[in-house]
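Q: Top line first, the protein sequences correspond to chains A and B. Going by my numbering, the first sequence opens with residue 1, and the numbers climb by one from there. Going by my numbering, the second sequence opens with residue 1, and the numbers climb by one from there.
No lab work stands behind these hints, which were simulated from the structure alone. Where a beta carbon is used, it is the ideal one built from N, C-alpha and C, also for glycine. Treat the hints with care, since some could be wrong.
Here are some chain A residues pointing at chain B (derived, C-beta under 10 Å) [what the hints assert, rightly or not]: (1) 56; (2) 63; (3) 103; (4) 142; (5) 163; (6) 165; (7) 198; (8) 204; (9) 206; (10) 211; (11) 213; (12) 224; (13) 225; (14) 229; (15) 234; (16) 257.
Pulled from the structure, derived: some chain B residues nowhere near chain A, Cβ distances all over 10 Å [unchecked claim]: (17) 5; (18) 24; (19) 30; (20) 32; (21) 33; (22) 36; (23) 48; (24) 49; (25) 58; (26) 79; (27) 89; (28) 101; (29) 150; (30) 153; (31) 171.
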Amino acid sequence: MNIQKVVVIGAGTMGSGIAQWFAQEMCYVELIDNSSEQLQKALSSIHSSWDKLVEKEKLTSCKVSQMKKFLEIKSVENISKDADLVIEAIIENLEVKKELFKKLDQHFEPHTIFASNTSSFPIELMAEVVTKTRKERFLGLHFFNPAPIMKLVEVIKGRDSAPKICEDLYQWFESRKKMPAMCKDSPGFIVNRVARNFYGEPLRIVETEDEVKMKEVDSILKTVGGFKMGPFELMDLIGIDVNYSVTCSVWEAYDKEPRFAPHTLQKKMVDEKRFGRKVKHGFYKYD
Amino acid sequence: MGFISMTNVFFDDLVINFGFGTKEEKKSFLRSHENKSVYMDLTCYDPAEFYAEFPQLKGVFAALFCDENKKIEMHFKERSEAVLQRLNEFGFSPIETTILSCGFIFPRTIVQIINEAYFALEEGVAGKEDINRAMKFGVNYPKGPFEWSLGKELYVKTLLQELFEKTQDPRYLPCKLL
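Bound-form chain A, shown alone:
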C-alpha cells in the first residue's frame, strides 16, 4: 500500500495530532477545518512542538523544515481530490459525520480510502451514506491521544470494508512503527471496552467517597499492578464527565450489560460538576 497524501478533517486535539504524525512520516497532509482560527492554532501548536524537539536535539532543523513542508492547512472549499486516505476527526455527532461523508464521497476520487477516528459510533452507520464501491474502502482508524506519541491505532473493519484494505493499512502502520490492532466494528472497539473495569471495579471496591481508600487503591494498582496511574487519578485526568459518558455509551450499546454498568458515584460527581483536574476537583482536590 502506498499512502502519500492524507487529508485530515477536524483540527481539534485528535485531528491535529493525527496530522502531525502523518507529516512526521513524510506523507503530504492537508489539515482541514471549518474554522480558520482553529486551523492556525493547530498549525502553530504542531510547529511549536517540532521546534521544541529541535531544541532538545531529538530532531534536526533540516528534518523539521522538511516536515513543515509536508503539512498544509486548508479550508473546506480547497481540499484536493486525489488523497490516498481521508481521516475524519470532527465532533462526535453521527448526523454531522454522515453529512460530511456524503459530501466527501462525491468530492474524492474513487481510490481514496475513507476512515473515521470515532470512538463512539459504528463504522457501518457512517458508511451507509457512501456509494457501494466506497463502502469497501471505508473503515475505522481509531488513534489515541496524544496521537504522535501513542503507538496504538485500532483498525476497525466495518461490515462492508474490504479485508485486503484493512490488512494493507495494518501492515502500513506497522511498517511505520505504530502498533495497529485489528478489530471488529463493535461498541468501544477493544480499548474502550476492555478498559471499563479498570475504573468500574475500583469504584466498587471503595463504594463510597473515601479519599484514604481511593489513595490506597491508586497506590496498590501502581505498585503491585505496575499501572502508570491509579484509576482515580486517571479518571480525574481524563475528566469524570468524559469517562462517565464513555461508560454509559458502552453500557447502552451492550443493552445495559451489568459488566459495563456505571457506578452511582460517577453520576453523583458529574451531577455535582466535579469533573476532575480541569475544574480542580474530582476524586481529589487540586490547587
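Put chain B on the given structure of chain A with help from the hints.
A: Same frame as chain A, but now just chain B:
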C-alpha cells in the same frame, strides 16, 4: 508463573500457607491448625469471611497474580515482623493494605479486565495478540490481559465465581472461554 498448589512453611508457632486451594481446602487447613497463628494466601477469596470464622488467621495476602516485581498485597490482623521477613526471604515484597475486599485490590481489578478480554475474544472482536497490543499501547497497561492470565485461568475463574457468589451481581459471571 503457572499453577501454584498449597505449600506450607512452619516456624515457631507460626505457619504461612502459600498457593492455590479450593475454599474448602483453605478452611480445612485452618481447622487443622487451631493452635497456630496462620498467615494465608487468600487471593481468590474474601479475607473478611475467613477472619470472622477463624480467629487463628492473623494475616492474609494475595500472591497468585504476583508479577516479576514480586510485590504482593498483604493485610495484617496481627502484624508479624517474622512473617514479613520470611516472605522477603521467599522473594516477595509485601505491600500492606488496610482494605479488606474479596479478591483484594489488584487481583479483583485484573480478573475483571481479563474476563472482559475473554468476552471480546469470544465475540470475535479481535484476537488475543491484538487485544494484548491494544491495551499495552493504547492505555499503557504493563501487560496485555492474556499475558496476565497465562497459566492463571483457574485463579481468574475461581475469583470471579467467588465475587458472584458474594454479590449475586451478574457482572462477575465468568466468560465460558475461561
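Q: Which earlier hints can't be squared with this structure?
A: 1, 2, 3, 5, 6, 10, 28 and 31
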